[in-house]
Each structure stands twice: as C-alpha cells, then as structure tokens.
Amino acid sequence: MKSASISSTALPPKALLDNYFKITARGSHLRQEVIAGLTTFLAMVYSVIVVPNMLGTAGFDPGAVFIATCLIATFGSLLMGLWANLPMAIGCAISLTAFTAFSLVLGQHMSIPVTLGAIFLMGVCFTLVSVTGIRQWVLTNLPAGIAHGTGIGIGLFLLLIATNSVQLIVANDAGLPVKLGDINSLPVIATVLGLAATIGLERRGVPGGILLVIILLSVFGLVFDPAVKYQGLFAWPDLGSEHSLIGQLDVMGALNPVVLPIVLALVMTAIFDATGTIRAVAGQADLLDKQDNIIGGGKALTSDSVSSMFAGVVGGAPAAVYIESAAGTAAGGKTGLTATIVGVLFLVMMFLAPLSYLVPAYATAPALMYVGLLMLSNVTKLDFNDRVDAMAGLTCAVFIILSCNIVTGIMLGFVTLVVGRLCSGEWRRLKPGVLLITLGLVCFYMGGWAL
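Residue numbering for the sequence shown is 11 to 461, as defined by the numbering used here.
Treat the hints loosely; a few may be bogus.
Under the rule of at most 30 Å between Cα atoms (straight-line distance), these lysine-lysine pairs were calculated in the DSSO-like manner [what the hints assert, rightly or not]: (1) Lys-300 with Lys-32; (2) Lys-24 with Lys-391; (3) Lys-300 with Lys-391.
Keep in mind that the hints were calculated from the coordinates and are not lab data.
All chains should be built: construct the whole structure from the sequences, respecting the hints.
Here's what the structure looks like:
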C-alpha cells in the first residue's frame with residue numbers, strides 16, 4: 011500500500027507550480043498566468059529601447075544600458091514573483107530614468123559612476139524604509155479616498171502615456187497643454203481599432219484577448235508598416251566590454267554632501283510613487299485583504315527597493331514596479347508566476363535584442379488604454395457620503411494626470427483631505443499618521459526637493 015504522504019518531488023510540474031504560487035487558491039490557472047506574463051512583458055518591453063536611448067543621451071553606453079535594463083527587469087521581476095508571489099513586474103522606472111539622464115548627469119554634471127553610486131544609496135535607504143515598516147505604515151495611513159484616487163489617476167496617466175506614445179494626443183504649442191494628433195496616421199488608426207477590438211474580445215471572454223491584439227498588431231506592423239523591420243534574431247550580450255557599467259558605481263563619491271539631498275529626494279519620490287503604483291495594481295488584481303492591505307505587501311515593497319540597489323550595481327536607472335503590470339492583471343494574472351515569466355523573458359531578451367523592435371508602440375498602446383479605462387472604475391469605490399474623503403480622492407486623481415506626477419497628486423490629495431476636514435469641523439476624524447504624512451509631503455514640495 012502506498013504511503014499517504016507523497017513527497018513534493020513526486021508531484022507533476024503543474025501541481026508543483028500550483029502549490030508554490032497558490033494559483034488555484036487565488037482563482038487562477040496556469041494558462042491564464044502564462045498569458046498574463048506574456049502580456050505584461052510585451053507591454054513593457056519598450057523599456058529596453060527607451061531607457062538606453064535616454065541614458066545614452068547623457069553619455070552612458072547604450073549597449074551597456076540595454077544589458078543593465080534586461081538584468082534589472084529580470085532580477086526585480088523574479089524577486090517579486092518567486093519571493094513576494096505577486097503579479098507585478100519590475101523594471102527601470104521611466105520617470106526616474108529621465109531624471110537620472112537629464113537632471114543628474116546633464117543638469118548637475120555628475121559623473122556616471124557617482125550617479126550610479128547615488129542610485130545604489132537610494133536603493134539602500136529605500137530598502138531600510140521598506141524593511142523597517144515605514145512604507146507599510148504609509149500604506150496603512152493612506153485614506154480610502156486617496157487610495158482609490160491614486161488608482162483612478164494612474165488609470166488616466168496610463169491613457170495619456172499610451173495615446174502620446176502613438177501621437178494620438180500630442181503637445182500643444184499654444185493654449186491648452188495637449189491636442190489631438192494626426193488622426194489619419196497608421197499608428198493612430200491601428201491603436202483606436204486595437205482598443206475597440208480589445209474591449210470586444212474581453213467582453214466575449216476570449217482567453218488572452220489583450221495578448222492576441224498585441225500579437226496581431228505586431229504582425230500587421232511587420233507586414234504593412236515600413237518603420238517595423240526585422241533586424242535579426244540573436245545578439246550575444248558582451249558583459250565584459252570595456253564600456254560595461256557593471257560594478258562601476260562610486261558610492262564614496264555619492265556620499266558627498268552636495269549629492270545626498272538628491273538621494274533623499276529620490277527616496278521620497280520612490281516611497282509615494284512606487285507605493286502608490288503597487289497599491290493600485292494590487293487593487294486591480296483583487297489582491298487586497300479585508301482591511302484593504304496588499305496580500306504579501308511587505309515583500310512587494312521590499313522587492314522594488316532592493317531592485318534599485320541592484321540597478322546601481324549593474325549600471326541602470328532606479329527600479330520600480332511598472333504601471334504596465336496592470337495589463338497582466340487585466341489579462342488574469344493573480345500570482346507571482348506572472349512576474350516570474352516576465353523576468354525569464356527579459357533574461358531571454360538580453361540574447362534576442364533585435365526582436366524588441368518588432369513590437370511597435372501601437373501594438374501595446376491599446377492594452378494600456380484598456381487597462382487605464384478599467385482602472386477608472388475605482389471611482390465607484392469612492393464613498394460620496396463622506397464628501398471630503400471622496401473629493402480628496404478625486405483631487406489626487408486629477409492632479410496625477412495634470413502634473414504627470416503620481417507624488418504630486420498624492421500630496422495635493424492629502425492637503426485637500428486635511429484642510430477639508432478642518433473646514434468641515436471633522437478634525438476629529440484625522441489620524442495622527444495622516445497629519446504627519448501631509449506635513450512631510452508639504453515640506454518636501456515647499457523645500458524644492460520634489461522631482
């Protein structure tokens with residue numbers, strides 16, 4: 011008679027994955043997680059082009075940055091998937107990449123090694139803030155209205171990012187900041203039709219509808235768009251190149267009193283920007299407990315901060331959870347297997363660099379727009395019986411998109427909530443933690459340290 015206890019090694023691979031990632035327990039299945047991982051990867055693979063281009067402008071070697079970008083996405087996403095077991099992918103934060111290139115190196119004339127040292131120190135401080143529970147304390151003291159408002163604002167931000175990437179919405183020379191782009195261009199037409207197709211396929215419940223649209227539009231681009239060209243398949247990464255940035259950081263140089271305020275500004279920005287993103291994506295994936303806390307939130311908060319330390323070591327920009335992770339959660343991702351697949355694919359991408367050019371912006375823009383529209387449903391979660399809390403949430407949402415900055419929206423949401431409570435005579439409803447966060451954010455902005 012066989013023993014009732016069967017060792018884990020006797021289980022088939024599918025059962026092992028199910029047990030480790032709790033796939034069935036979270037209401038998902040293997041195929042759904044794989045599709046979600048592919049969707050997230052395709053939605054954020056543009057980073058291997060954008061990040062090297064940005065940092066290359068500042069004097070970084072683009073080839074070395076490409077390798078660093080892949081390594082950071084691999085490390086961060088695997089850490090998030092295998093350790094935190096959450097469907098959130100990590101990569102070089104585009105906003106902080108721009109700050110690194112145009113403010114630190116070109117603006118402050120910091121050398122590349124010192125800049126990388128500053129990124130490493132930022133990651134160390136960020137990790138200490140995470141493991142000591144300060145980030146979790148911030149999340150706990152995040153009022154419901156502002157928490158939901160952050161989700162709404164990030165949804166609007168995704169819509170703006172996606173539409174701007176295909177020039178559907180462009181900068182305006184006069185009057186209002188933005189205007190309609192060329193509605194007759196191929197990328198715009200493909201994006202609009204792709205969004206409509208995504209909505210229709212998801213409504214019908216077609217498995218992997220978002221991923222299917224991305225693939226079809228990529229194939230369409232390869233066939234009909236002269237700008238999309240097959241540039242080869244394999245490219246061996248040169249990790250030992252003289253231009254390699256791995257291990258080139260100058261931590262002692264970054265300890266200069268002139269540089270330390272910049273490090274603290276990076277930490278403060280990351281605390282609220284990355285934390286707000288993680289909260290929004292977790293809400294989208296229905297991974298909040300009854301107290302609205304993120305399931306496995308402590309590990310999630312530590313994963314992205316440790317990834318920034320790793321970024322400084324390998325020569326890339328500060329890391330963060332990508333908003334595009336919401337594309338994977340919209341495709342059904344609920345476990346760390348989604349993020350693990352993203353990490354593995356970025357590792358493979360390091361050897362298949364030419365393929366990254368086969369996914370045009372208009373292939374992924376519909377997915378991001380669809381996710382942005384889904385995240386607007388957070389408005390139904392606002393409690394308009396508590397008018398001050400609800401309006402603070404809407405203030406947060408609106409100013410995230412108007413300022414193109416998540417932290418700015420959160421700061422103005424907190425200010426609106428506190429002043430609103432005082433003026434309405436509801437000051438007793440203000441928690442000490444909310445007052446402390448508000449004071450800290452106001453000082454951060456009034457002191458001129460905001461990025």
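Hints, verified against the model:
| no. | hint | result |
| --- | --- | --- |
| 1 | Lys-300 with Lys-32 | holds (19 Å) |
| 2 | Lys-24 with Lys-391 | violated (37 Å) |
| 3 | Lys-300 with Lys-391 | holds (14 Å) |
The structure shown violates just one earlier hint, number 2.
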